[in-house]
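Engineer: One-letter residues, chain by chain:
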Amino acid sequence: MVKLWILAGIFCVIQISVLRGVAIAQITPDIVLVVVVYTALFHEKAGMWLGFATGIFIDLYSSSLGYNALVGTVIGYGVGRLSGRVYKETPLLWLILLFVSSLAHDVVIFASVQELSHRFFGRYIFFGALYTTAIGLIMFPALRKLNVCRT
Amino acid sequence: MWKVTDRWFFGLIVLCIILIGIGSTEFGKKTQIRLGSIFSPFNGWVSFIFNEFKIRHENKVLRAKVSELALNNQIIRSSQYENEKLFDLLEFKARTEYELIASRIVSRDPNPISGTCLIDKGLADEVRKDFPVITCDGVYGKVTEVTKENAMVQTISDFNFRVACMNLRNGIQGIVRWEGGKGCVLGQVRVNSDIQIGDSIVTSGLGSIFPKGVAVGKVREINVDKTKLFYEVALEPTCKLGETEYVFIVKKKPERLEKSTVYKTQGWEIYQKIEEEEIVQSPLEKPKKRLPSVLKEKEEERGEFPIEFKVKEPTIRLQPQ
Chain C
1 MVKLWILAGI FCVIQISVLR GVAIAQITPD IVLVVVVYTA LFHEKAGMWL GFATGIFIDL
61 YSSSLGYNAL VGTVIGYGVG RLSGRVYKET PLLWLILLFV SSLAHDVVIF ASVQELSHRF
121 FGRYIFFGAL YTTAIGLIMF PALRKLNVCR T
Chain Y
1 MWKVTDRWFF GLIVLCIILI GIGSTEFGKK TQIRLGSIFS PFNGWVSFIF NEFKIRHENK
61 VLRAKVSELA LNNQIIRSSQ YENEKLFDLL EFKARTEYEL IASRIVSRDP NPISGTCLID
121 KGLADEVRKD FPVITCDGVY GKVTEVTKEN AMVQTISDFN FRVACMNLRN GIQGIVRWEG
181 GKGCVLGQVR VNSDIQIGDS IVTSGLGSIF PKGVAVGKVR EINVDKTKLF YEVALEPTCK
241 LGETEYVFIV KKKPERLEKS TVYKTQGWEI YQKIEEEEIV QSPLEKPKKR LPSVLKEKEE
301 ERGEFPIEFK VKEPTIRLQP Q
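Note that the protein sequences, when read in sequence, are chains C and Y.
Using the working numbering, you'd call the opening residue of the first sequence number 1 and step up by one each time.
Using the working numbering, you'd call the opening residue of the second sequence number 1 and step up by one each time.
The set of hints was computed from the structure by calculation and includes no laboratory data.
Keep in mind that a hint or two might mislead.
As the list claims (entries may be wrong) - Under 8 Å between C-beta atoms, here's a sample of chain C residues computed to sit facing chain Y:
1. T28
2. I31
3. F52
4. S64
What the hints assert, rightly or not - Chain Y regions said to be covered by chain C (calculated; three or more residues, Cβ under 8 Å):
5. 13 to 26
6. 30 to 37
Backbone N, C-alpha and C define an ideal beta-carbon position, used for all residues, glycine too.
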């Protein structure tokens, strides 16, 4: 579990410092959210705490305090609650969970900053969720291999 | 088990809402910035590590760009230089009274002893052998060989080049030649002649190749030669031989050959008048005498009959100075 927290910390720093370097049309993937969803799926309750902690960290560098923590906590809790009722080893499930989580996360965060519009939703939120899902497709098997959720 | 978690979840949600509330206040924003600055060094290190790769790639790209821009810059500079040169030439052509043929130097003889070069004008442009070649700065050389498209120019830096010159200040005459290490030298100037460093040396018009008054150089050094009878005056050529790219060939006009030349020597002025009589031959008439040079033979074959001049006996008049 310590390994997971260290990894989440590193990902947080990467997310706020250098991830803009891999931005496609100003859209960056949310690798912290990938770790939160993964943790919630495979370690249930830890997902909520990780979502809150990483959210607080991201909030320190955001325009509005508390929103990332709130969304991270909700996603971590929701996915954790769901994990006991589904077969976790299905990649399609990972993708759906990641896509929906990313959409929900971005809608709340963007809504906290400015009024949402169709154009804004399509341009940033939808493609941002797709990008995060694509990155998650690479990260999930890697995290499984590292077995970071082992207690 | 989840019941405890549920309680924590709601606790965290309430905490988040409180944070949102605090975050909208001035105090909350300041605290956010202060806390954020604690982790800034970590962010800096991570950025540095990641940027290292980015910077390397950028460096490669920028180096390639710099090379490309340097090359472009060189091309622009070269064009600018050429432009300036051509402007100078145009200006010179406008102010000179000679009929000039502008030409570009195509190649230079790599042999340092032979100061010859090839220009891009030839018979087709009415260039003939012994036509003087000048630049805006002064004498450059003379045409020694001509083909249809090109001409060979013997420059002032050739060891066999000679041109009759005089001091512009007082008319003291001499012959300019090139002498290796010494450079351009004005010889045949009597010892004790009035010649000073900085004097301008121009063509005297003798020898009937160069027109009178074309700049050759400035006196740099004055020495006495081995015989101790003459000065050997080292000159700084006005024409920048190595840098010259464009030259003018002075086209000789019939009226230019008709002139008076004044010699000043030992208290006497000698006036020599050369008069020419123009004989224009009809293309239908056969030339009366065979023209000596191969060039003229070719001109005959093409049906072109050059203008011939019959030179009368020169009249010499002596007069005390």
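Engineer: Does each hint fit the structure? Answer for all of them.
Structural biologist: Evaluated hints:
Annotation: C/T28 was flagged as interfacial toward chain Y, and the flag is violated, the nearest CB pair being 13 Å apart, outside 8 Å. The interface hint given for C/I31 is violated, since its Cβ lies 13 Å from the closest Cβ of chain Y, which is over the 8 Å cut-off. Satisfaction of the interface hint for C/F52 is found here, the shortest Cβ-Cβ separation to chain Y being roughly 5 Å, below the 8 Å cut-off. For the restraint placing C/S64 at the interface with chain Y, the shortest Cβ-Cβ distance is roughly 6 Å, inside the 8 Å limit, so the hint holds.
Using a Cβ-Cβ cut-off of 8 Å, 11 residues of the segment 13 to 26 of chain Y lie near chain C, which meets the minimum of three, so the contact claim holds. Under a criterion of three residues with beta carbons nearer than 8 Å to beta carbons of chain C, the stated coverage of the segment 30 to 37 of chain Y is upheld, 3 such residues being counted.
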